[in-house]
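Visitor: Here the protein sequences line up with chains A and B, keeping their order.
So that you can map any letter, position 129 of the first sequence is 129 in the working numbering, and since no number is skipped, the others follow by simple counting.
Every position in the second sequence, counted from 1, becomes a number in the working numbering once 162 is added.
Incorrect hints may appear among the rest.
[Unchecked claim] In silico lysine-lysine, DSS-like type, Cα no more than 25 Å apart, as pairs:
#, chain 1, residue 1, chain 2, residue 2
1, A, K97, A, K75
2, B, K503, B, K470
3, B, K352, B, K164
4, B, K352, A, K65
5, B, K448, A, K75
6, A, K29, B, K470
[What the hints assert, rightly or not] To be clear about the criterion: a stretch of chain B counts as covered by chain A if any three or more of its residues have a C-beta under 8 Å from a C-beta of chain A, and this derived list gives those stretches:
#, segment
7, 276-288
8, 348-360
9, 456-467
What the hints contain is simulated information worked out from the structure, not anything from laboratory work.
The beta-carbon is built from N, C-alpha and C at its ideal position, and this holds for glycine as well.
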Amino acid sequence: MEEKKHTMTMLVDNQPGVLSRVSGLFSGKGFNIESLCTAPTMDPRVSRITIVTKANPPLIEQTEKQLRKLINVIKLRDMTGPKAVKREMALICVQAKPELRAEILRIVDIFRCKVIDVGIEHYIIEVTGDEGKLAALINLFRPMGIKKIARSGTLALYREPK
Amino acid sequence: MKLTGAQIMMEVLKEEGVDTIFGFPGGVVIDIFDELAKTDIRCILVRHEQGAVHAADGYARAGGKTGVCLVTSGPGATNTVTGIATAHMDSIPIVIFTGQVPTQLIGNDAFQEVDIVGITRPCTKHNYLVQSTEAFPRIIKEAFYLARSGRPGPVLVDIPKDVAKEAIDYRPVEEIHLKSYNPTYDPNKKQLRKVIELIEQSKRPLIFAGGGVILSGAAAELTQFAHKTQIPVTTSLMGLGAFPGTDPLWLGMIGMHGTYRANMSTGACDLLISIGVRFDDRVTGKTDAFASQAKIVHIDIDPTSIRKNIPVTIPIVGDCKISLDHLNELIDQADLGDVAKKRQNWLAQIEEWKNTNPLAYKQEDTIKPQYVVEKLYELTKGEAIITTEVGQNQMWAAQYYHFDRPNHFITSGGLGCMGFGLPAAIGAQIACPDKLVVDIAGDGSIQMNIQEMATAVQCCLPIKVAILNNAYLGMVRQWQELFYDKRYVCTDMNCAPDFVKLAEAFGAVGLRASKPEEVETVLKEGLSVPQPVIMDFRVDREESVYPMVPAGAPITEMLLV
Numbered sequence: 001m002e003e004k005k006h007t008m009t010m011l012v013d014n015q016p017g018v019l020s021r022v023s024g025l026f027s028g029k030g031f032n033i034e035s036l037c038t039a040p041t042m043d044p045r046v047s048r049i050t051i052v053t054k055a056n057p058p059l060i061e062q063t064e065k066q067l068r069k070l071i072n073v074i075k076l077r078d079m080t081g082p083k084a085v086k087r088e089m090a091l092i093c094v095q096a097k098p099e100l101r102a103e104i105l106r107i108v109d110i111f112r113c114k115v116i117d118v119g120i121e122h123y124i125i126e127v128t129g130d131e132g133k134l135a136a137l138i139n140l141f142r143p144m145g146i147k148k149i150a151r152s153g154t155l156a157l158y159r160e161p162k
Numbered sequence: 163m164k165l166t167g168a169q170i171m172m173e174v175l176k177e178e179g180v181d182t183i184f185g186f187p188g189g190v191v192i193d194i195f196d197e198l199a200k201t202d203i204r205c206i207l208v209r210h211e212q213g214a215v216h217a218a219d220g221y222a223r224a225g226g227k228t229g230v231c232l233v234t235s236g237p238g239a240t241n242t243v244t245g246i247a248t249a250h251m252d253s254i255p256i257v258i259f260t261g262q263v264p265t266q267l268i269g270n271d272a273f274q275e276v277d278i279v280g281i282t283r284p285c286t287k288h289n290y291l292v293q294s295t296e297a298f299p300r301i302i303k304e305a306f307y308l309a310r311s312g313r314p315g316p317v318l319v320d321i322p323k324d325v326a327k328e329a330i331d332y333r334p335v336e337e338i339h340l341k342s343y344n345p346t347y348d349p350n351k352k353q354l355r356k357v358i359e360l361i362e363q364s365k366r367p368l369i370f371a372g373g374g375v376i377l378s379g380a381a382a383e384l385t386q387f388a389h390k391t392q393i394p395v396t397t398s399l400m401g402l403g404a405f406p407g408t409d410p411l412w413l414g415m416i417g418m419h420g421t422y423r424a425n426m427s428t429g430a431c432d433l434l435i436s437i438g439v440r441f442d443d444r445v446t447g448k449t450d451a452f453a454s455q456a457k458i459v460h461i462d463i464d465p466t467s468i469r470k471n472i473p474v475t476i477p478i479v480g481d482c483k484i485s486l487d488h489l490n491e492l493i494d495q496a497d498l499g500d501v502a503k504k505r506q507n508w509l510a511q512i513e514e515w516k517n518t519n520p521l522a523y524k525q526e527d528t529i530k531p532q533y534v535v536e537k538l539y540e541l542t543k544g545e546a547i548i549t550t551e552v553g554q555n556q557m558w559a560a561q562y563y564h565f566d567r568p569n570h571f572i573t574s575g576g577l578g579c580m581g582f583g584l585p586a587a588i589g590a591q592i593a594c595p596d597k598l599v600v601d602i603a604g605d606g607s608i609q610m611n612i613q614e615m616a617t618a619v620q621c622c623l624p625i626k627v628a629i630l631n632n633a634y635l636g637m638v639r640q641w642q643e644l645f646y647d648k649r650y651v652c653t654d655m656n657c658a659p660d661f662v663k664l665a666e667a668f669g670a671v672g673l674r675a676s677k678p679e680e681v682e683t684v685l686k687e688g689l690s691v692p693q694p695v696i697m698d699f700r701v702d703r704e705e706s707v708y709p710m711v712p713a714g715a716p717i718t719e720m721l722l723v
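The following block holds chain B by itself, in its conformation from the complex (with noise of 0.2 Å):
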């Protein structure tokens, strides 16, 4: 049967199982749209091409699909690069497909062509330029399969017109097989048993997760896991949710803004076992002090993240799932003896710790953003997805949103892509339509995507939105305040729309809480109405993110409140 190269492309779509596209078209990808229309799979029209990979970014984290984007040449697609960077700074699995002009005009500088192949090369897990129809099945074959194994990551195609139109005889591609590329899933059992002498031998034992753990869905395996050797754990930003954070053994975020207990630990382990985790510089501070009195174990499925900015005592390449399950066979066959009793004294220091200073605000006159999040938390009973902007919004939300379950923390955690959280909601949104869906946001990073309110009210998704508003670009305006004398070049956007009128434009729900005691009556409101909704909260303008730790400073040396 002869099929186009637009028709093949929604039957493999269809193949994979995608029932979402988010996308925005243009002159070279009319045939795709034209076709798409055809079949059963969602549409969502963006507002700005930025926004729809932030979109299936949100969507590929909280559902656990891979997301997919469709956009024009030219701007279209190089509007996606921000979105795909961030993608592939968390290792999120994304195929984007853009157009591209006619293949007999590539490189002739025509009307809106632009090299994206080449542009988003080193901000990919891989590319293609499809050159002809023939090559285009397995292609996408190969896009969606690169995606979604190994570590995971944003695959771009770029279809030139003329390969989306030709039609030629289709026959569906059975197996991919990429001789170059075979992800090492199962690890090596005995650099495993070396972890179990370890743990029998180690004092002051520390799990450190990472996100690597929620790709992999082995946040059940991690608690149990952490449940049978009563080791404590932190994780990074990415990894918050992997773990429960109500249990009695979760110490908080370890990092620059991590809290204090979890530094102080992470800097007297005496063995940090670190799973699908990169040593971010974020987490580490300065990398000679950082957990320099332990031995470390490393387990990440990608070999580069190994032994990359930390010295590695046992190293190993593996899928976090398949490891911590053997980890957990190997425990149950070792004997640890009693270790709720081996661990006293270091969770007895490590409670110290936390009473000595605990993660705190002083709730006055003014509201502090904290007790936004806090309320939040209350309101929500802990359920919601929370999606964050980038700054000062992002770690209180990290802080005191204390988040039980995997997929439910979505965030740029490597790149710190500011308009990410607006976008990333709607895609959460579609992915767990029953989820009750919350943007925590700043003012200034609201603005760089909130035209994508306009895509919220069109599809009828109730997301909603909390703007944590101190008229300031707050995470600078705190560098200004603690290390540039307090000179505030450039934070200050007391010029900001009224986000409630803002709201009722796009037509949505407006709503604003200016004194502490509106707080719970507007995210009461805000939370129970069944439409988009933003909610302005008028939170203390100079209130600042604690605990801190300097840029390049040890991580134990945190400046507190």
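For reference, chain A alone in the conformation it holds in the complex (with noise of 0.2 Å):
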């Protein structure tokens, strides 16, 4: 059966320990981890946890169900499709030789980055942007010369009803 991505959210008890089992669910069952953001809600006794896994349908069933029997998860979602948006952001450290400096800064222009960091040899772009937009960008940054990248993974939330 065919993989695919599959992005949940879920809010957990904000605990010590709760990212563990969470994660520790997923190594011993040997379901995959693509990315994993975690952070509090506005309910400081609630995080809300997203993940981004990559299996065939049923297994996605099975990790959903694995997840919710879990005593500290709350409440689980599933985040695939356009019924939630979803984002990530990435710090991109991309090599500036004096005559592509134009060019990244055009790049940047176009993909409504930031600048936020300049060498004589560097830039630190900041980008926000769905996995679409991540992915052109780095195809576009690749041939110059990505020195560094660190990415946050996907966060999503669901759309209220218009």
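From these two lone chains plus the hints, build me the complex, please.
Guide: Listed below in structure tokens is the structure:
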């Protein structure tokens, strides 16, 4: 069966060890984690974890069921598809030789990113967007030389009814 | 009123109706043991912490109450892990209290410190590190609630020494509410109605029941359901006793060492009603070929069990007892017609399978292990609580002791934990003091927790251990014989203690049978004395368990005697 990318978010008790329960479940059951983000919500007792995983549909179903079974998981929601907004942030350190500096800034402008650090031979660029935008930007920078990259992993929120 | 953590713990244990704790003391739990002595709670001192958990497990399985253990930090805690994993795989309600170093020392590699909450996260239903005495009463309450509700399981509570010592104002916790935990007990009625429709249409229906039926106390409802619909019944190892082993509709156990007729029926049925099972690989064999002609109904309280290994036509999340109750009502309302007549052909086919390949062995000059189990069944009239170790002894017990009642067969099903039977027998005997409790053991398994004989002697528990002694790790030897050209690597156990002398050394009674004609005499004597007994049956060394489905093969492809 075909493996698909799958995004899910869950509200969990904001307590020590909860993240370990969630990630331990993935490693223990042999599920895969592509990315994982966690931070407290407006209610300091509750955190939101967003996980992107890749698996075939029955395994996704099993993963979600297993996560729901964890006592500290309050609510789990499937964020795959257009019903949720998804964003990722990346910090990209690009090699900026004098002859390419103008080109890099043009790309930054087109993609509505920000240069947040400038050096003799590099720019650090901050970018936010969906998966496609980040992939496109990375593709453009790759030939120039990406020295380092830090990505946040996907964050997702369900769209409210209009 | 100010109470220390240890005193609070006693208050909550009393509220929870705890009458027995299986434990082993140590530095950080002395305060708790000290308080325990001031209550009416009976404390059973085991000889190894693994034994404490298995005993609590046996206590829970035989008596239907939550088992409780109390051990110290570090090695005391790590020694419980095998027992916890055993209970987790078989969904047995146990609360394990472990001591921990004082909170300010946690993380310092202090003496006897271990991160037991981290270690047991994957093998408990849930676990807690108590970080303050204020949180302690609620955590104990939650632990008991989680252990016994929904799909039961072991819950561990790690108690730092200062939490047990500190005194606070204690107010009892009235009610437990966990917003993230709401097991579904009531099944979807629409789904249940579909089951009735399928039964009406089915020509070759089969019921496959498991440990869930026993855990939810649904054996009577299951029997009623089978009788009303005249559907034959097989169970998993964990389900033995959920349906009477002497009933005409009983097919015997399913799976790797299941009966010929149970496995063939599974292959041929057109409707498989599975209740409280999880389709373990030892049951299904090759999953693609499992019940391949059948529509499958799956009733279980745990949604993760459903569609985990086997695709299902009608999934039903709910408690087995409530679901079967509803099904029985729906059957009364529906008109199934003359079910006995409808089933005639199907039951005749099953009868034929039964007659072509029944469970069988030949009793010759040496004692056959099956003969010992059969004799035991006869002499106890099938009324004993049987615990087992793991391996051939377990399978022969499952095949040749016919269980008519639930909670009478106590075995490590999921984890397959050798060394389980003896401490489990201790727990079962404490839960059911008036019952005869027999551990059917192998010579290999029994040596894994033999130290618990001292516990049995100290507590005057008249448990009986019947060792089917073939001086081999028999099940592995059987695999080596069949699949590894008889290379018996590391399975010859010919250097074992003299079990009769060993029994006597513990202060128990030791008996031995080396010839078939001695079996009955030894059993009669062993079962009648009021002390703990070890009976050493010197059985045929190379007897194997049949039928056998090679691992990964379809269950209809059996090696027969």
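Visitor: Indicate, hint by hint, whether the structure satisfies it.
Guide: Tested hints:
no. : hint            : result
1   : A:K97 x A:K75   : violated (49 Å)
2   : B:K503 x B:K470 : violated (36 Å)
3   : B:K352 x B:K164 : violated (53 Å)
4   : B:K352 x A:K65  : holds (22 Å)
5   : B:K448 x A:K75  : violated (35 Å)
6   : A:K29 x B:K470  : holds (12 Å)
7   : 276-288         : holds (count 6)
8   : 348-360         : violated (count 0)
9   : 456-467         : holds (count 3)
In terms of the numbered hints stated before, the structure departs from hints 1, 2, 3, 5, 8, listed from lowest to highest.
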